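Got chain A sorted already, so can you dock chain B onto it with the hints?
Protein chains in written order, with our numbering: chain A, 1 to 112; chain B, 1 to 289.
Read the hints as simulated data drawn from the structure, not as lab findings. There are no misleading hints in this set.
What follows is a list of derived Cβ distance ranges for each label pair:
(1) 71(B) <-> 71(A): 26 to 36 Å
(2) 196(B) <-> 111(A): 40 to 50 Å
(3) 48(B) <-> 9(A): 57 to 67 Å
(4) 103(A) <-> 238(B): 56 to 66 Å
(5) 11(B) <-> 71(A): 22 to 32 Å
Computed from a predicted structure; not experimentally measured. The C-beta atom is built at its ideal place from N, Cα and C for all residues, glycine as well.
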Amino acid sequence: MKIAFTTKGTTWDAEMDPRFGRAVYFLIYDNDKDELSHYDNSDASNDAHGAGPKTSQKLFELHPDVLITGNGPGGNAAAVLEKTGIKIYVGAGNMTAKEAFEAYKNNRLKAI
Amino acid sequence: MKIAIASGKGGTGKTTLSVNLASFLAEQQEVVLVDLDVEEPNSGLFIHADLIHEEDTFKMVPDWKEDHCTFCGECQKVCNFHAVIQLGEMIMVFPELCHACYACSELCPTDALPMIPKKMGKLKHLKNNRLHFIESRLDIGEEQAVPLIKKTQKYISEQLNGSFIEIYDSPPGTSCPVIEATKDADYVILVTEPTPFGLHDLKLAAETMKELKKSVGVVINRDGIGNDDVFQYCENEQIPVLGKIPNDRRIAEIYSQGKLIYKEVPEFRLALEKITAHITTLCEQQNHS
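Chain B on its own, in the form it takes in the complex:
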């Protein structure tokens, strides 16, 4: 069972929900928490576990061999990402823009662009009792999150058996990294705030997930501020509201200390119990089908 925790808007509480839900579930069963917000992973601030594996991650990028090149311009033409630029009798490669699709390399008639590995980030695997925590972090200056998200998912499918519940802390927004982080999920939880801004970005996220044919539920964070429009929207769209986290200064204080909230705030634990009940039903349905 793979559950992605996403949102349109940033700062709605994806990480707060991810780390608390994963830790809460891990009191009873094996859980894998994965931080796929590789541009700014922060789940690790809240997870105290032992490092059991660490590796550099690489993506393949073209490397120009001047003496093989006939300056035909095919590489520049086929690159959708402007990562290969021809200036007369010179080819410039921008590895940070490269999506590692191999088109330039494969289509080069003279093999002047062989692919070579380039380090893009680091993957860490930590473990604390029943909780596995995987964090990938993109190197500074790297622009492409998608190759690292793919690598991370590959690591999980190879190293960790599918009987775990997997919780994916996803990047914000609705662009490529979010698609990559949610496309294999069995269920997507969208975290939002009951404000006009929260609603605006929730709509974008919900529409994106509809396009991906994902079943979704909403968790409302900072309940008590704003207005009822988010609730109304969920009702109209028939999206279940799985839980509500109150707007409470205690939560902010505990968060700022890097601690788990459900252990100290009963209302938060209650919200997690409701979400867990929903997930358990989904798991049972999945096992039956």
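For reference, chain A alone in the conformation it holds in the complex:
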């Protein structure tokens, strides 16, 4: 299973980025291989509009099973993510990626 986190850095100690569309990085954890990788999404901050759909499309290509984020996607992003079937958990905006993963495993994050 692959889990994507919206983060401000590229390690387990990185702070979570509470934003979805303009998240700086996606940290991707492959549970089966125990591998950590990342995708640089910093381009999205240059978009005046449409960051949500664009980032959702990228996430579709990265095809994680689960997304862990902070505030949750906006309307346009949610419309795309709904079609991808990725399970979304929110409320991890003030954690590190490691803490967010622990919170997810302990069912302390809200599914939307």
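Same frame as chain A, but now just chain B:
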């Protein structure tokens, strides 16, 4: 003669100046007042006139034809605004993000994205004696102001002859809608406050107008608060200060009642007279050249 009334900062008094200046000028001549702040038009609160025309406005957006599509991804690639998204064997279109540039539709090799009209707002044309008032209002949920601003300007150029003085109440800020609202103007009046915040945003607006090669003048609203930095800036940049509107509780009260200020506050009328004198000189210069 087209005069755009703009500002960097919001809430500096663009609408106050626009409606009062237009009404004041209309006592003597034919004037068209246009509210181009289509995301939140409010000039209409102060203008009492008869509705003479009303129309829905449309923009063209792509409509995905699944049976024509080969999922080549060209549409997603050419869309700068992320209004077309490909998810495997599905294309999603976000009409609110679409700038109606036709790129996806024209470049689609199988004509799977024909353009169809989508309602984006409403245009109203009102008239009271020598004053024409045009207001466009974007529908709730629409994100793009530019197509409606373009439509509104097209309506004016088609319906109203160029001998009028045209006053454009512009959106705040310095982004695309402001560029669209000011780019055809012969003159731009920037309204500001003599405060650090007012100066900061005035600089942004003045630099934007410089880039557009516009001649500009400044009107200072709420004169008497803050400091002299705005005046200093205008002097250094050689931007004329066309008028000053005093910081006066009476003005706020009259405004809050939806009434015209110059009719009750002599200092305001004086500021309008000065601005009008400046505009008249500009008009004469334009007629000579």
